[in-house]
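Protein chains in written order, with our numbering: chain S, 1 to 253; chain V, 1001 to 1081.
One or more hints might be untrue.
Said to hold, decoys possible - SDA-like mimics (lysine to any residue), calculated; alpha carbons at most 25 Å apart, straight line:
id, chain 1, residue 1, chain 2, residue 2
1, V, 1073, S, 117
2, S, 73, S, 30
3, V, 1064, S, 136
4, S, 163, V, 1063
5, V, 1064, S, 31
6, V, 1064, S, 65
7, S, 73, S, 117
Claimed, not checked - Quick list of simulated restraints, FRET-style, between CB atoms:
id, chain 1, residue 1, chain 2, residue 2, range
8, V, 1032, S, 118, 49 to 59 Å
9, S, 121, V, 1025, 55 to 65 Å
10, V, 1013, S, 137, 54 to 64 Å
11, V, 1020, S, 163, 20 to 30 Å
12, S, 119, V, 1005, 23 to 33 Å
13, V, 1057, S, 119, 33 to 43 Å
14, V, 1005, S, 27, 30 to 40 Å
15, S, 121, V, 1051, 39 to 49 Å
16, V, 1041, S, 141, 34 to 44 Å
Please keep in mind that the hints were generated in silico from the structure rather than gathered at the bench. For every residue, glycine included, the Cβ atom is placed at its ideal position computed from N, Cα and C.
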Amino acid sequence: MEGTNNEYEAFQSFTRVGLDPEFIHLNDLRFKRIDLSEYSAIFLPGGFSAGDYIRAGVIFARRLADTSLQDLKRFQDEGKPIIGVCNGFQVLTETGMLPGWGDGISREIVLAPNDSSRYECRYTFITMEARNPLLSHGMSLKIPYLIPVAHAEGKIRIINPDKNLKKLEDNNQILFRYSTPEGSEGGYPWNPNGSISSIAAISNGDGNVIGLMPHPERLFYHYTNADRSRYGEVAVGQRFFTSIREYIVMKGF
Amino acid sequence: MPVIRVDVEYLPGVEDPEAITILKNLKILGYDTITETRTAKSYEFRIEGKLEEARSTVDEIASKILTNPVIQKYSLQVVDP
Chain S
1 MEGTNNEYEA FQSFTRVGLD PEFIHLNDLR FKRIDLSEYS AIFLPGGFSA GDYIRAGVIF
61 ARRLADTSLQ DLKRFQDEGK PIIGVCNGFQ VLTETGMLPG WGDGISREIV LAPNDSSRYE
121 CRYTFITMEA RNPLLSHGMS LKIPYLIPVA HAEGKIRIIN PDKNLKKLED NNQILFRYST
181 PEGSEGGYPW NPNGSISSIA AISNGDGNVI GLMPHPERLF YHYTNADRSR YGEVAVGQRF
241 FTSIREYIVM KGF
Chain V
1001 MPVIRVDVEY LPGVEDPEAI TILKNLKILG YDTITETRTA KSYEFRIEGK LEEARSTVDE
1061 IASKILTNPV IQKYSLQVVD P
């Protein structure tokens, strides 16, 4: 798909934890050059696919759904990881795979323009709010992690929030919230976009489809951390991708 | 060949950051009488075939792709039947 970014960082991150990633183009799916069932995980990168025209991620989502919705659903039903970061998250919400309540198109959640009306490209903190099978081998609940964000449309809006926000919470689908360095919920600038309930990432009900706005693939090594002495020797990206590898190995995907 | 226009706008109550920014800056520039700004996006499609089929195609595109019902609504207008 034209207009993705950070796919190389994601590729490198998977390689660094000992996995064997491959780049797949939408046309590989369209012309059936590859078989998704032979893969262990799918990572949808960030960026500005198709220029983010119409709405961020919508064209990527429609093209992906047009070629491979059934294959993706099978992938999801088998418990294999499907991870969308930034624009990839927007793609997963536009396909309806997140929050994944309906059959196909569930559009309870959308990523709307940031409250600041700006592209927010900088660090913030996230804390893990729910136990997740993919991340339980490398990340801990309620620990604030320094992480980069870079988006203009990252504000999570929920239709019928009284009912659906509770449903997300009850299903343990709120995976990360933006937080202060101490781990408490803060407003702007910690929450860079005005997301409802400071949500930074959600998963589907089973936890194997994850969408997150921040970029763990941009901060793999601790020496690219803003302040190594303060934030430790293992950066968020290394934790994130190591945990996903552990999940894949454990499940035998 | 029919030409149909689709206007996509935010639902009432949905913040429109672009409109807020425009309004703020218009006030700075001295346009004090303006109390509200809304933005909308307009698409125009020229389509082969009869008007009714064209309208139904555009309606499908508008509802499935151009609009997210969580934050937006759309209206169709036949520019040229």
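To see whether the hints hold, each was checked on the structure:
A threshold of 25 Å between alpha carbons decides the hint, and for residue 1073 of chain V with residue 117 of chain S the separation of about 21 Å falls inside it, so the pair holds. For the given pair, residue 73 of chain S sits about 16 Å from residue 30 of chain S by alpha-carbon distance, which is consistent with the 25 Å threshold. Taken as a hint, the residue 1064 of chain V and residue 136 of chain S pair is broken in the structure, with Cα atoms around 36 Å apart against an allowance of 25 Å. Restraint check for residue 163 of chain S and residue 1063 of chain V: the C-alpha separation of about 24 Å stays at or below 25 Å, so the hint holds.
At most 25 Å may separate the alpha-carbon atoms for a hinted pair to count; residue 1064 of chain V and residue 31 of chain S meet this at roughly 24 Å. Restraint check for residue 1064 of chain V and residue 65 of chain S: satisfied, since their Cα atoms lie roughly 12 Å apart, inside the 25 Å limit. The suggested pairing of residue 73 of chain S with residue 117 of chain S is violated, with an alpha-carbon distance near 34 Å, which exceeds 25 Å. Between residue 1032 of chain V and residue 118 of chain S the CB atoms are about 25 Å apart, so this pair departs from the stated range of 49 to 59 Å.
A C-beta distance of roughly 22 Å is found between residue 121 of chain S and residue 1025 of chain V, which places it outside the suggested range of 55 to 65 Å. At roughly 42 Å, the beta-carbon separation of residue 1013 of chain V and residue 137 of chain S lies outside the given 54 to 64 Å, and the hint is violated. The hinted window of 20 to 30 Å between residue 1020 of chain V and residue 163 of chain S holds, with their beta carbons roughly 28 Å apart. The given range of 23 to 33 Å is respected by residue 119 of chain S and residue 1005 of chain V, whose C-beta atoms sit roughly 30 Å from each other.
Evaluation of the 33 to 43 Å hint for residue 1057 of chain V and residue 119 of chain S yields a pass: the beta carbon distance comes to about 34 Å. At about 32 Å, the beta-carbon gap between residue 1005 of chain V and residue 27 of chain S stays in the expected band of 30 to 40 Å. Take residue 121 of chain S and residue 1051 of chain V: their Cβ atoms lie about 46 Å apart, and the range 39 to 49 Å holds. Our hint of 34 to 44 Å for residue 1041 of chain V and residue 141 of chain S holds, since their Cβ atoms are close to 41 Å apart.
The structure does not agree with the numbered hints 3, 7, 8, 9 and 10 stated previously, though it agrees with the rest.
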